[in-house]
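Participant: Single-letter residue listing:
There are 2 protein chains.
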Amino acid sequence: MARPKPLSGFPEFLPAGRIVEQAVLDSLRSTFELHGFASIETRAVEPMEALTRKGEITKEVYVVRRLHAAEGEASDDLGLHFDLTVPFARYVLENSGHLHFPFRRYQIQKVWRGERPQEGRYREFVQADIDIVGEGVLAEHHDVEVVLVMLEALERLHTELGLPPVTIHVNNRKLAEGFYRGLGVEDHLAVLQRVDKLDKIGPDAVHALLVEELGLTADAAARCLALATITAADDSFVDAVRALGVTHDLLDEGLAALASVVRAAAAVAPGRVVADLKIARGLDYYTGTVYETELAGYEKLGSICSGGRYDSLASDGRTTYPGVGISVGVTRILGVLIGQGKLTASRSVPTCVLVAVDDEDSRSASMGIAARLRARGIPTEVAPRADRFGKQIRYADRRGIPYVWFGDSVKDIRSGEQLPADPDRWTPPPADLRPTVGAG
Amino acid sequence: MARPKPLSGFPEFLPAGRIVEQAVLDSLRSTFELHGFASIETRAVEPMEALTRKGEITKEVYVVRRLHAAEGEASDDLGLHFDLTVPFARYVLENSGHLHFPFRRYQIQKVWRGERPQEGRYREFVQADIDIVGEGVLAEHHDVEVVLVMLEALERLHTELGLPPVTIHVNNRKLAEGFYRGLGVEDHLAVLQRVDKLDKIGPDAVHALLVEELGLTADAAARCLALATITAADDSFVDAVRALGVTHDLLDEGLAALASVVRAAAAVAPGRVVADLKIARGLDYYTGTVYETELAGYEKLGSICSGGRYDSLASDGRTTYPGVGISVGVTRILGVLIGQGKLTASRSVPTCVLVAVDDEDSRSASMGIAARLRARGIPTEVAPRADRFGKQIRYADRRGIPYVWFGDSVKDIRSGEQLPADPDRWTPPPADLRPTVGAG
Numbered sequence: 001m002a003r004p005k006p007l008s009g010f011p012e013f014l015p016a017g018r019i020v021e022q023a024v025l026d027s028l029r030s031t032f033e034l035h036g037f038a039s040i041e042t043r044a045v046e047p048m049e050a051l052t053r054k055g056e057i058t059k060e061v062y063v064v065r066r067l068h069a070a071e072g073e074a075s076d077d078l079g080l081h082f083d084l085t086v087p088f089a090r091y092v093l094e095n096s097g098h099l100h101f102p103f104r105r106y107q108i109q110k111v112w113r114g115e116r117p118q119e120g121r122y123r124e125f126v127q128a129d130i131d132i133v134g135e136g137v138l139a140e141h142h143d144v145e146v147v148l149v150m151l152e153a154l155e156r157l158h159t160e161l162g163l164p165p166v167t168i169h170v171n172n173r174k175l176a177e178g179f180y181r182g183l184g185v186e187d188h189l190a191v192l193q194r195v196d197k198l199d200k201i202g203p204d205a206v207h208a209l210l211v212e213e214l215g216l217t218a219d220a221a222a223r224c225l226a227l228a229t230i231t232a233a234d235d236s237f238v239d240a241v242r243a244l245g246v247t248h249d250l251l252d253e254g255l256a257a258l259a260s261v262v263r264a265a266a267a268v269a270p271g272r273v274v275a276d277l278k279i280a281r282g283l284d285y286y287t288g289t290v291y292e293t294e295l296a297g298y299e300k301l302g303s304i305c306s307g308g309r310y311d312s313l314a315s316d317g318r319t320t321y322p323g324v325g326i327s328v329g330v331t332r333i334l335g336v337l338i339g340q341g342k343l344t345a346s347r348s349v350p351t352c353v354l355v356a357v358d359d360e361d362s363r364s365a366s367m368g369i370a371a372r373l374r375a376r377g378i379p380t381e382v383a384p385r386a387d388r389f390g391k392q393i394r395y396a397d398r399r400g401i402p403y404v405w406f407g408d409s410v411k412d413i414r415s416g417e418q419l420p421a422d423p424d425r426w427t428p429p430p431a432d433l434r435p436t437v438g439a440g
Numbered sequence: 001m002a003r004p005k006p007l008s009g010f011p012e013f014l015p016a017g018r019i020v021e022q023a024v025l026d027s028l029r030s031t032f033e034l035h036g037f038a039s040i041e042t043r044a045v046e047p048m049e050a051l052t053r054k055g056e057i058t059k060e061v062y063v064v065r066r067l068h069a070a071e072g073e074a075s076d077d078l079g080l081h082f083d084l085t086v087p088f089a090r091y092v093l094e095n096s097g098h099l100h101f102p103f104r105r106y107q108i109q110k111v112w113r114g115e116r117p118q119e120g121r122y123r124e125f126v127q128a129d130i131d132i133v134g135e136g137v138l139a140e141h142h143d144v145e146v147v148l149v150m151l152e153a154l155e156r157l158h159t160e161l162g163l164p165p166v167t168i169h170v171n172n173r174k175l176a177e178g179f180y181r182g183l184g185v186e187d188h189l190a191v192l193q194r195v196d197k198l199d200k201i202g203p204d205a206v207h208a209l210l211v212e213e214l215g216l217t218a219d220a221a222a223r224c225l226a227l228a229t230i231t232a233a234d235d236s237f238v239d240a241v242r243a244l245g246v247t248h249d250l251l252d253e254g255l256a257a258l259a260s261v262v263r264a265a266a267a268v269a270p271g272r273v274v275a276d277l278k279i280a281r282g283l284d285y286y287t288g289t290v291y292e293t294e295l296a297g298y299e300k301l302g303s304i305c306s307g308g309r310y311d312s313l314a315s316d317g318r319t320t321y322p323g324v325g326i327s328v329g330v331t332r333i334l335g336v337l338i339g340q341g342k343l344t345a346s347r348s349v350p351t352c353v354l355v356a357v358d359d360e361d362s363r364s365a366s367m368g369i370a371a372r373l374r375a376r377g378i379p380t381e382v383a384p385r386a387d388r389f390g391k392q393i394r395y396a397d398r399r400g401i402p403y404v405w406f407g408d409s410v411k412d413i414r415s416g417e418q419l420p421a422d423p424d425r426w427t428p429p430p431a432d433l434r435p436t437v438g439a440g
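If you read the protein sequences in the order shown, they are chains A and B. The first sequence begins at 1 in this note's numbering and counts up one residue at a time. The second sequence begins at 1 in this note's numbering and counts up one residue at a time.
So that you can see chain A by itself, here it is in the shape it has in the complex (with noise of 0.2 Å):
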């Protein structure tokens, strides 16, 4: 078999990368946990039905299909997922009778889209969502208790693994829609979806959308793409929505929520989440709150991490289920921070002690002192072979083990230093005892 090579949109990291990205993932984990999500795992196949309702994404699905499918049996019906919310929602009904509501998960698992592959954009990626779904009712407090938790678990990624910080860009597709229906507009859909646009084409371009296509007159248009400029880091940005002169309640209503999501935020993490009211997640299947998030210095990557509010997660005809969730594309992040050396692991294997080997005579004596520094919790490898120690010392240097062990002494590799050591009682210090991830 000559050398392999690699898969276009299929990344795979070298350990080192990998420890990187099993920090990552620790971390986020760690954050939903404390907020009190509980894990589920769904299977990767889903009937094609469910994965090709929603049109657009159709082309990019993967049909799965047995090699030699029996006669007969129905095998080209299953495809990848291509997110983790089709398999939530499904996860939701068929188990609605053994879940609790609100029902609060996060998963974390790989997806799988047909895309063609780019800087970012993969074929196979690993998403990490959270979701609060409720029976019936869902109440809006949880819009903003879902992306304060996304917050607190991107700041952790910045402030304890040295990944960038995060703008989280805020909106509610209400205070959209009841501001075209206050300007008299109908089809607030149309609308939205050319006012989407507006950083593709530009707001002259939009303009001329929306007064030749929808025949908007040219004040309502020019006051829709007023309404689409404003941000803003705090709740003024309901004064500057008042100062375009329309009115609705829809338009008070999804004022009224958005301000709650951007204080609430403004407190806790203060110029992290912005109201943007150009934000608008596609045509998507969002009614309410919808997020999307920057990486400072990798804008041009999109969106991170995105989501919103669900007013219909899932429904089986008598229940409805609405939801809110956000979900952070770990590999769009990753793939690129890793690739280009901005996020590095202090070494490439969880070893922080290697025991040296003076004969193989005695490989049994340096295994039982392994075990001891094992059973105190402190990663270690024997040394696979009784070279001379320059040798063994850099079989632990190459790999980035801080320390070699060798009879009752114990070396620092990299100051030199060696010291009596007691495999019942040495301890390294914190930072050493498992590889470290930080800011490459």
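Simulated from the structure, these hints should not be mistaken for laboratory data. This structure is a prediction, so every number in the text was calculated from the model and none was measured. Be careful, since some hints might not be right.
Which copy? The list can't say, so a pair holds if one copy fits it or any two copies do.
As the list claims (entries may be wrong) - In silico EDC-like cross-links for lysine to aspartate or glutamate, where the CA-CA straight-line distance does not exceed 16 Å:
1. K110 - E124
2. K110 - E41
3. K5 - E49
4. K342 - D77
5. K278 - D199
6. K300 - D199
7. K110 - D432
8. K342 - D219
9. K391 - D359
10. K110 - D422
Following the hints, complete the assembly by docking chain B onto the known chain A.
Facilitator: Chain B alone, transformed into the frame defined by chain A:
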């Protein structure tokens, strides 16, 4: 959407079951890392060509293709991996220039097989593998090491999480091959293949096959059968084999290698590792030590943890990479134990404390208390509604959350005891901090 039904062969756990699974995976990871194994994850897909090399498994592969593959796109040449060994071998070849050998890795991932689903046999399941791979050579003491590491991992699952104990059965392919050659049989694999049917068809039928199909003398066939019945938890099996009066250099080599595994294991965990001379692991790529594992009380599941030595895990034509590894079928074990209620979690959420809410106006005060508890690592939720306190307590009780916080006191809802408490100081007993897992 009507209530969806589970997909046969694709098990999913409810949140409490998932907590059990997480505890098991965390424990395995911790043991593997204590022994210096580095984590890797490989993509879910491999080229079909790589997956179908082992003829017998071809029919079980899931093929993957993009729903709307572009014209001319080679879209049908990917499949989901059915184990973690084939992907690992490919990863080693692909990244050999960036890895340090011997390379020790663990890998905990889902794999997919299109098998007929039955108890303990799934179409999607989690495996946890450890392997050590060398460049050109790999010392035999690693055969001892991997079985001891896995034994330690399985023993921790037994003592700390309440899984049943295991017995690991070990053999060495050289031993059987040398024995058959010593009897004058050239086609040792043909003998192995028939002896491997011992449990299924019994000794008389195997004897008949050896004589009739392979032309062995009745005496030689009897000695092959006698060899297969030898088991011992210590190195007494060596004398038992010698007593059969067969000699061959390869037999000596196999006996010595197996004896060293069994002696080392007996010193660490007496009785848990037995030499079992009928173990063959089919006609797989193993060339030396082979392992199989029985879970006490669940022998009908078959081997829950298997592996062995392969002299050529991978080769790029110039360099050969020998390896030794062992793989535990996590879902095979947990699907049954969780399904039967033999392993349970103390609660279905990570939450330790629910902070009650007096009325919606004081929600932010409750959020403040929760933040102070979380700042000290205590998983905390705020009650979703300012219901009467009895209802808020029921919210906690249903999920198994042990404590409810009211203003300046905390109530253990199991005992009913309520005590004054400061959110900056109060600490739950360690056993209550996180969900615990044990035999149900």
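Participant: Does each hint fit the structure? Answer for all of them.
Facilitator: For each hint, the structure was consulted:
1. K110 - E124: both (6 Å within a copy, 14 Å between copies)
2. K110 - E41: both (10 Å within a copy, 11 Å between copies)
3. K5 - E49: between (34 Å within a copy, 14 Å between copies)
4. K342 - D77: neither (42 Å within a copy, 35 Å between copies)
5. K278 - D199: within (9 Å within a copy, 69 Å between copies)
6. K300 - D199: For K300 and D199, only the intra-copy Cα distance (12 Å) is at most 16 Å; the inter-copy one is 62 Å.
7. K110 - D432: neither (31 Å within a copy, 32 Å between copies)
8. K342 - D219: Answer is neither: 48 Å inside a copy and 69 Å across each miss the 16 Å cutoff.
9. K391 - D359: within (13 Å within a copy, 68 Å between copies)
10. K110 - D422: neither (44 Å within a copy, 41 Å between copies)
The earlier numbered hints that this structure contradicts are 4, 7, 8, 10.
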